[in-house]
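Taking the hints into account, I'd like the entire structure generated from these sequences.
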Amino acid sequence: MKTFSTLLLDWFALHGRKDLPWQQNRTPYRVWVSEIMLQQTQVATVIPYYLRFMQVFPGLAELAAADMDEVLHNWSGLGYYTRARNLHKAANVIMEKHQGKFPEAYAQVLALPGIGESTAGAILSLALGQHHAILDGNVKRVLTRVFMVSGWPGRSAVQKRLWELARELTPAGDTRSYNQAIMDLGATLCRRSTPDCAVCPLGSICAARKAGRVADFPSRKPARSLPLRHVQMLLIADGDGRVLMEKRPPAGIWGGLWSFPELPVDADSSLWVQENCGAEVAMMRDLAHRRHSFSHFHLHIRPKLILLQKPGLQVLDGDRQVWYNLLQTQRRGLAAPVQQLLQELREELL
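Residues 193 to 542, numbered by the working numbering, are exactly what the sequence shown covers, in order.
Mixed in with the good hints, there may be bad ones.
In silico lysine-lysine, DSS-like type, Cα no more than 30 Å apart, as pairs [stated by the list, open to error]:
hint	residue 1	residue 2
1	Lys352	Lys402
2	Lys293	Lys281
3	Lys194	Lys210
4	Lys439	Lys502
5	Lys496	Lys439
6	Lys439	Lys281
7	Lys194	Lys402
8	Lys402	Lys413
Label-pair restraints from in silico Cβ distances [as the list claims (entries may be wrong)]:
hint	residue 1	residue 2	range
9	Gln501	Arg218	53 to 61 Å
10	Leu418	Gly308	19 to 27 Å
11	His207	Val248	31 to 39 Å
No wet-lab data here; the hints were simulated from the structure.
Note that the Cβ used here is the ideal one computed from N, Cα and C, for glycine as well.
Here you go:
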């Protein structure tokens, strides 16, 4: 165990990443935001979002006071929007229960919305140097290979074994550097595909490498086919460069984001427009279908461009519906497929 941490820390001293934005002016708040963004998202993708987010929300008070639309707008494109909603919720919890100071006790951090064991350990070890083990995807990959831990890491028995290893290996003396080192190793050398075993500092003690079975670890999640859902998206334009948008419910996919009205594929879109917009349809045509994949299903989107004969006089519910001006950049949270469709509308209508 000592050899493992020594080899890793020696490598980190020479090759570890030490100039990432959240490693500068290191505070629990800045590290927390980075750890949430880095869940299921690569560092290179996160950096520009993180820098922009920090400009808009430099501290807990600014994040807690912000409108959810503003938070989601600055998250748009990162995906997994529950992360952003939980950030906002947690910021408000900290303001109310911890007098605006990010808690430094592990149990209090773990109790915040959107924070699990590994994230809590990462925040407190990286920001404050506390002794806590972590077990993110990169760490799981390193441990399953070095110790040839069989089985999909999502299974409880495998997860338990990996936590045991993580806690045994994490040194008390320099936990911050060790945790950053093992994450860096997984991200840069011990990659899922094309790992660079020849220069890996743990190559001499890696059981999977010695057995010639690096590609077998970690074991893959048991395959299952994802269901396919179909939906019409109505891109209703009023002739003045505006398109009707609706705010999605807070729960479910794209919760709290702005999107287009949706209908089942067999529903009568013309009738919906008449009943909900108070206007006749001047033109209607299908746009290119597209697919967007979530973790638990594929969404087949059938966009339909609809031009109104004359703008409707129906009063919209301002909290839930807006006429979105294509000529102006509006600070609203938008999912990636919606952003793409808006850009196509600008090119077609303006």
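Checked hints:
With a CA separation close to 25 Å, the supplied pair lysine 352 and lysine 402 stays within the 30 Å bound. A threshold of 30 Å between alpha carbons decides the hint, and for lysine 293 with lysine 281 the separation of about 15 Å falls inside it, so the pair holds. Of the pairs offered as hints, the one joining lysine 194 and lysine 210 holds, with about 23 Å between alpha carbons and a cut-off of 30 Å not exceeded. Distance check on the hinted pair: lysine 439 and lysine 502 sit about 24 Å apart at the alpha-carbon level, within 30 Å; holds.
Taking the CA atoms of lysine 496 and lysine 439, the gap is near 18 Å; set against the 30 Å cutoff, the hint holds. Distance check on the hinted pair: lysine 439 and lysine 281 sit about 19 Å apart at the alpha-carbon level, within 30 Å; holds. Using a Cα cut-off of 30 Å, the hinted pair lysine 194 and lysine 402 holds, with the two alpha carbons roughly 20 Å apart. For the proposed pair lysine 402 and lysine 413, the alpha carbon gap of about 24 Å is at most 30 Å, so the pair holds.
The given range of 53 to 61 Å is respected by glutamine 501 and arginine 218, whose C-beta atoms sit roughly 59 Å from each other. A C-beta distance of roughly 24 Å is found between leucine 418 and glycine 308, which places it inside the suggested range of 19 to 27 Å. About 33 Å separates the C-beta atoms of histidine 207 and valine 248, a value consistent with the hinted range of 31 to 39 Å.
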